[in-house]
Amino acid sequence: MTALRPNLDFAYSLARAFGGAIIFGLPLLMTMEMWSIGLYVHPLRLLLFIAANFVVLVFLSRFGGFERTANLREDMLDAFAAYAVGMISSVAILCLFGLLSRGTALDELVGMVAIQAVPGSFGAMIARKQLTGGDPDEGEDEDEAKAARSAGYAGQLFLMLAGALFLAFNVAPTEEMILIAYKMNPWQILLLMLASMLLLHILVFAVGFAGQEEPEGFGIVRRFLLFTVPGYAIALAVSFYVLWTFGRVDGNAFAVIAETMVVLGFPAAIGAAIARLVV
Amino acid sequence: MASDRKSPPTSALEWIAAGLGLAGLLFVVAVIGREALTGETAQLPVLEVRAERVLPNAAGFVVEFEVVNRSSGTAAAVEIEGQIGPEANPVETSSATLDYVAGDASAKGGLFFKHDPRGQRLALRALGFQTP
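Those protein sequence lines, which keep their order, are chains A and B. Residue numbering for the first sequence follows the working numbering, starting at 1 and increasing by one per position. Residue numbering for the second sequence follows the working numbering, starting at 1001 and increasing by one per position.
Treat the hints as calculated values from the structure; they're not laboratory data. For clarity, every value in this text was computed on a predicted model and none was experimentally measured. Accuracy of the hints is not assured; some may be wrong.
To be verified - Residues of chain A placed beyond 10 Å of chain B at every Cβ, according to the derived structure:
#1 P43
#2 M76
#3 A79
#4 A84
#5 I88
#6 V110
#7 I178
#8 N185
#9 F205
#10 R223
Said to hold, decoys possible - Under 7 Å between C-beta atoms, here's a sample of chain A residues computed to sit facing chain B:
#11 P6
#12 N7
#13 A11
#14 Y12
#15 L39
#16 L46
#17 L77
#18 F80
#19 A81
#20 F97
#21 S101
#22 G103
#23 A105
#24 D107
#25 E108
Glycine included, each C-beta is placed from N, C-alpha and C at the ideal position.
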């Protein structure tokens, strides 16, 4: 083994991370609202969101980030690296699209990049799982399964939160969220809630949780109460948080906020359900 | 007690990537934090409109203008109006709407006129904006 080997390995990981950052970042890089949202968002809420994203990245690193990690220090290092990849790829693509110019003010640039780096860093972090075919390093998946198992119930719920956050964030910046809520009548909203929970339940148990060895005879009611109900509650809470971050709840009536939460809760619930698949 | 796991050595490249990320994060936090502390976003925009070029085109003339925001507050849906001819009795009025002009930044647009604005009084002004 030469000293170059770990550097080379990490370089490959980084290259994959850039791929992941671009795949997951593109939909939002090409969304008009995202170019100016950094200017509208309340600065403290934006800072809080960046901090929350960082916590999620550290957590995701443990569940199969772009390289194998053994301790919290390495998870933090990987989270920083993922954020670097997210920022660099965002700046590069925004420049390529001609959205950044010399006339762009510093606050505007930072606001734009800080928020675009969120989906980018998420993609960078989960790139390994997504972009590697057969990993030559065997036993790695087993390690992750072990990690997932040791994280237990709380870890599974946190994974749901990460998935919900990612999918909700992907659609939340657009005006359509509120427009859809306006177009729907209360019965349709209730139906959407039911459909979200049903889909969440089916997806969770069709996809299954890695490393979750559930005893046979775990009743459907118990599964529903243990995973689906808290999962949907998490999806709704995440929806509210994302809407609040983007200032979409300010000055709105309580009923409108609740309706928008349910609308955004639909993608959030699906994100929560398939988190195990993508991470 | 994961002593059976071989922990990969932290490579130099990893430290560099992580360092870059940390530096970028600190920079972002510093810029946004300064904005949060000074409450700059609460300021009202100060817009200055000036004509850049006047060019003839198929339907008449186009006046290219630039809107400069002298304040740190952002203006959205900025409506720009241009008038040619004497103020009391303008020959022609045109308007354009810009999506937004960010704080301390500028944006460009154009106004179409049927009459030639050259050699006449050309007045450009921002009519209003939406608070983002």
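Double-check F97/A for me: the hint is only fine if its C-beta lies closer than 7 Å to a C-beta in chain B. Hint on F97/A: violated, closest Cβ of chain B at ~15 Å, above 7 Å.
Against chain B, is G103/A within 7 Å by beta-carbon distance? 5 Å, holds
Outside-interface status for R223/A - nearest CB in chain B farther than 10 Å: Given that every Cβ of chain B is farther than 10 Å from that of R223/A, nearest at about 30 Å, it holds.
M76/A clear of chain B by more than 10 Å, beta carbon to beta carbon? Non-interface label on M76/A violated, nearest chain B Cβ at 8 Å vs cutoff 10 Å.
Chain B versus A79/A - minimum CB to CB distance exceeding 10 Å, so not interface: 8 Å, violated
I178/A remote from chain B - nearest C-beta pair above 10 Å: 15 Å, holds
Using the nearest Cβ pair, does L77/A come within less than 7 Å of chain B? 4 Å, holds
Does N7/A pass the interface hint, meaning its C-beta sits closer than 7 Å to a C-beta of chain B? Holds: closest Cβ of chain B sits about 5 Å from N7/A, inside 7 Å.
Checking the smallest CB distance to chain B, is F205/A really beyond 10 Å? 30 Å, holds
According to the definition I'm using, a residue is off the interface if its beta carbon is farther than 10 Å from all beta carbons of the partner; does P43/A meet that for chain B? Given that some Cβ of chain B is not farther than 10 Å from that of P43/A, nearest at about 4 Å, it is violated.
Interface hint for E108/A, Cβ within 7 Å of any Cβ on chain B: 4 Å, holds
Status of the L39/A interface restraint (C-beta, 7 Å, chain B): It holds, given that the least Cβ distance between L39/A and chain B is near 5 Å, below 7 Å.
The structure fails to meet hints 1, 2, 3, 4, 5, 6, 14, 20, 21 from the earlier list, while all remaining hints are met.
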